[in-house]
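If you read the protein sequences in the order shown, they are chains A and B. Here the working numbering is used: the first residue of the first sequence is 62, the next is one more, and so on. Here the working numbering is used: the first residue of the second sequence is 472, the next is one more, and so on.
Some hints could be false.
Claimed, not checked - Think about it this way: if two alpha-carbon atoms lie no more than 20 Å apart in a straight line, the pair counts; the simulated DMTMM-like pairs of lysine to aspartate or glutamate are:
id, chain 1, residue 1, chain 2, residue 2
1, A, 160, B, 472
2, A, 160, B, 527
3, A, 160, B, 573
4, A, 160, B, 533
5, A, 117, B, 573
6, B, 574, A, 116
7, A, 160, B, 550
8, A, 87, B, 530
9, A, 160, B, 509
10, B, 574, A, 114
11, B, 574, A, 165
12, A, 160, B, 524
Unchecked claim - Rough simulated footprint, nothing fancy, chain A against chain B, three-plus residues with beta-carbon under 8 Å:
id, stretch
13, 498-507
14, 544-556
15, 573-583
As the list claims (entries may be wrong) - Some but not every residue of chain A turned toward chain B, in silico, with C-beta under 10 Å:
id, residue
16, 69
17, 76
18, 96
19, 105
20, 127
21, 130
22, 145
23, 146
24, 149
25, 157
26, 159
27, 164
28, 168
These aren't lab readings, by the way, just hints derived from the structure by calculation. All figures in this text were calculated on a predicted structure; none of them were measured in a lab. Quick reminder that beta carbons are idealized off the backbone N, C-alpha and C, glycines included.
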Amino acid sequence: SQQGEEDPQALSIQEGENATMNCSYKTSINNLQWYRQNSGRGLVHLILIRSNEREKHSGRLRVTLDTSKKSSSLLITASRAADTASYFCATEPNTNAGKSTFGDGTTLTVKP
Amino acid sequence: EAQVTQNPRYLITVTGKKLTVTCSQNMNHEYMSWYRQDPGLGLRQIYYSMNVEVTDKGDVPEGYKVSRKEKRNFPLILESPSPNQTSLYFCASSYTGGGSNEKLFFGSGTQLSVL
Numbered sequence: 062s063q064q065g066e067e068d069p070q071a072l073s074i075q076e077g078e079n080a081t082m083n084c085s086y087k088t089s090i091n092n093l094q095w096y097r098q099n100s101g102r103g104l105v106h107l108i109l110i111r112s113n114e115r116e117k118h119s120g121r122l123r124v125t126l127d128t129s130k131k132s133s134s135l136l137i138t139a140s141r142a143a144d145t146a147s148y149f150c151a152t153e154p155n156t157n158a159g160k161s162t163f164g165d166g167t168t169l170t171v172k173p
Numbered sequence: 472e473a474q475v476t477q478n479p480r481y482l483i484t485v486t487g488k489k490l491t492v493t494c495s496q497n498m499n500h501e502y503m504s505w506y507r508q509d510p511g512l513g514l515r516q517i518y519y520s521m522n523v524e525v526t527d528k529g530d531v532p533e534g535y536k537v538s539r540k541e542k543r544n545f546p547l548i549l550e551s552p553s554p555n556q557t558s559l560y561f562c563a564s565s566y567t568g569g570g571s572n573e574k575l576f577f578g579s580g581t582q583l584s585v586l
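For reference, chain A alone in the conformation it holds in the complex (with noise of 0.2 Å):
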């Protein structure tokens, strides 16, 4: 089962307003990544936050992390029409090096 669950499944905004992805997880976790992928394509790494991180940022980035309640966030400030796409997450268990699991990710719309 994936241990990492995403919400909203869709999200939909205009260009220029900010966008917020909600992750949940199961297990105690070594890092928990966000990746994009656009349309079928492979995903891209956009930021790794570590168990003992809190926040980190990255350029219109901001995540989040919140160990006692086993959850992340992603935020996208100032959204463009160019950042339409799904966005993952990914956690890799500290129990069980290698292995990985991706949420089912929220596809984020992003109007002009």
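Chain A is already provided as a structure; the job is to place chain B on it using the hints.
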């Protein structure tokens, strides 16, 4: 150019006809992994390899085989494909696996249809 190369990009086959999907990376990565993605879902891990001659099952290994004889190659083998293996397959690699906080580099995917 640093990349993960999968072949073929598209494959249509019939039930029971053995096939191999190749994956090669040119980044000297130790860790490689195979995933399948079904419509509307995230990626599910099939098999992974921490290094040469070391492979382990992911969440959905049934019906698949892998081998890691060389560092750069990690082929996915379907000995007797069935229609429920129709899916989009991705290969990925990273410098190391297992808690080392390494990001994954993905191939472009192989769309497999089993009739």
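Going down the list of hints, with the structure as the test:
1. 160/A to 472/B: violated, 27 Å
2. 160/A to 527/B: Holds - the C-alpha atoms of residue 527/B and residue 160/A are around 9 Å apart, at most 20 Å.
3. 160/A to 573/B: holds, 13 Å
4. 160/A to 533/B: Given pair residue 160/A, residue 533/B holds - Cα atoms ~16 Å apart, limit 20 Å.
5. 117/A to 573/B: At roughly 16 Å apart (the allowed maximum being 20 Å), residue 573/B and residue 117/A satisfy the hint.
6. 574/B to 116/A: holds, 18 Å
7. 160/A to 550/B: violated, 23 Å
8. 87/A to 530/B: holds, 15 Å
9. 160/A to 509/B: holds, 19 Å
10. 574/B to 114/A: holds, 16 Å
11. 574/B to 165/A: Satisfied, since the Cα-Cα distance of roughly 19 Å is no more than 20 Å.
12. 160/A to 524/B: Given pair residue 160/A, residue 524/B holds - Cα atoms ~17 Å apart, limit 20 Å.
13. 498-507: holds (count 3)
14. 544-556: n = 0 at 8 Å, threshold three: violated.
15. 573-583: Per the Cβ count (8), the hint holds.
16. 69: violated, 13 Å
17. 76: Hint violated; residue 76/A Cβ to chain B Cβ min 25 Å, cut 10 Å.
18. 96: holds, 8 Å
19. 105: OK, holds: residue 105/A within 10 Å of chain B, min 7 Å.
20. 127: Violated, about 18 Å.
21. 130: Violated, about 20 Å.
22. 145: violated, 17 Å
23. 146: violated, 14 Å
24. 149: holds, 5 Å
25. 157: holds, 9 Å
26. 159: holds, 4 Å
27. 164: holds, 5 Å
28. 168: holds, 9 Å
Comparing the model with each earlier hint shows violations of hints 1, 7, 14, 16, 17, 20, 21, 22 and 23; every other hint is respected.
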